[in-house]
Amino acid sequence: MIMSRREALLLPVSPWFIALSLLMSLLLSMLLGLSQALWLPDILAVSIFFWGIHQPRRVGMATAFILGLWMDVQHSALLGQHALSYVVLSYFAFSMHRRLLWFPIKEQMLQILPFFILAEVIGLLIRLSTGDDFPGWAMLLSPFIETMLWPVANFILLAPQRRASDPDANRPI
Amino acid sequence: MALESLDRSPPPFFRVGFAPLTKLIFFSALSLLLVFGDKQLQFTKPLRAGLSTLILPMQWLVLQPGEALSAMGTYFQNLEQAQTNLKAAELKVLQQSVRSQQVEQLQIENQNLRQLMGLQSSMAVTSQTAEVLFDVPDPYNQRIVIDRGQLKNVALGSPVIDAGGVVGQVTRVYPLTSEVTLLTDKDQSYPLTSEVTLLTDKDQSIPVLNSRTGARNITSGDVLAGQPMIELKFVPASADVKEGDLLTTSGIDGVYPAGLQVARISHIERRVDISFARIHASPLAELKGRHVLVLQPSAASALNKGKAP
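Those protein sequences? They're chains U and W, same order as listed.
Residue numbering for the first sequence follows numbering that gives the first Met the number 0, beginning at 0 and increasing consecutively.
Residue numbering for the second sequence follows numbering that gives the first Met the number 0, beginning at 0 and increasing consecutively.
Zero decoy hints are in this set.
Here are a few chain W residues that face chain U, going by a calculated C-beta distance under 7 Å:
{"#": "1", "residue": "19"}
{"#": "2", "residue": "23"}
{"#": "3", "residue": "26"}
{"#": "4", "residue": "27"}
{"#": "5", "residue": "30"}
{"#": "6", "residue": "33"}
{"#": "7", "residue": "37"}
{"#": "8", "residue": "43"}
{"#": "9", "residue": "47"}
{"#": "10", "residue": "61"}
{"#": "11", "residue": "134"}
{"#": "12", "residue": "137"}
{"#": "13", "residue": "139"}
Here are some chain W residues the structure puts well away from chain U; computed CB gaps all over 10 Å:
{"#": "14", "residue": "12"}
{"#": "15", "residue": "73"}
{"#": "16", "residue": "74"}
{"#": "17", "residue": "101"}
{"#": "18", "residue": "104"}
{"#": "19", "residue": "226"}
{"#": "20", "residue": "232"}
{"#": "21", "residue": "238"}
{"#": "22", "residue": "239"}
{"#": "23", "residue": "244"}
{"#": "24", "residue": "273"}
{"#": "25", "residue": "290"}
Stretches of chain U that chain W covers, calculated by requiring three or more beta carbons in the stretch to come under 8 Å of a beta carbon on chain W:
{"#": "26", "segment": "22-29"}
{"#": "27", "segment": "60-66"}
{"#": "28", "segment": "89-97"}
{"#": "29", "segment": "126-133"}
If you are wondering where the hints come from, they were derived from the structure by calculation, not from laboratory data.
Here the structure is a predicted model, which means the values were calculated and not measured.
Built from N, CA and C at the ideal position, the CB exists for glycine as well.
Produce the complete structure using the sequences and hints provided.
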């Protein structure tokens, strides 16, 4: 069954906007990290996944890896911990980027939730396997909040690509 | 419709680069190699030092909102409170001045006695103040980052104290900042770089002296009922330990100078079936303060003393 894609045609994306949005989410993630609350969402992961879905040729696993290393140093976690979970996230974004956007946004959220949980669990498993203690159940809340942020990301990150609606006699939208 | 409003570049059919699965395997392997290298082999140290210097401007930027908020808070703090604080501080200084005058005299007396007895004289400790930048965001261990690093001669393993007592130890040194692992942190697995691990970290251990009985013990960080604590290791169930006993550093590790206050014993659990008592002590350091003192490790200063002409 082919579903109709409701989204209007989008303008081409500016690479500068992608870079800027990734930088802003990096800064936001660093800022949120300072509070040390376990349940806070990883905004950078949402951005990487978002651009992996919408612009798979521009934001791929290499970008995810480098941003992951950055977060590892900022968190002073093991080097490669965030890098691995972002790379896996980016891989699954690529593998489903042709399919996901045909669904309405609520069903998109249902489909991406497992990947955010997976990314969180990868980080957890790496730390548990190197002999750290389980930090607390609150950390399992963050994938759900990240999924809740998906419509917000859709609204903000696609905003520059939407065209102003000015219908006239020849153009109904 | 204007032509440039559509994405005109077709997807590349023939030059698609590596297959996604290949890339996934490559980057995953690289990440796991880094994890292993960071945990076991320590070869990622220059990479981490380089990256940490690179992200420093961003870190500075991220810290600004908090700084501005606290600056505003201080500004709007009313005059009355400021005066109360000042009065309290003056009182404290007065109380301490009595003690410090005695200390001068006691130190001279102690030195004379030590000379008479032919004992090695205790060393003066050099120190520098540092400001706490932030708590390390990693939820798995307890560390703080301070604004002194290699360029200010912060040495790896330097003890860090605040007004209350021992805070922890420098476990990673970056060029401009340092990380402190807290006393309450359990893990002190990075002997080559610099953060301060807090004394409540799980792997942080300090040799201490029970100031009432003179018994020597080893501490390790632990969490008791959600509170970061330190635990006394290998204390026989029959040992003379009471709640409220003061623990100070014993100085036998050559890192912490002797006589720094560490913690006060708060929980003692003796069970019949275990030959060791479970003893927890709450750290005396404030751990959330803004300023700390970084001491030179005493073994290092002894070495320097030996080298000096």
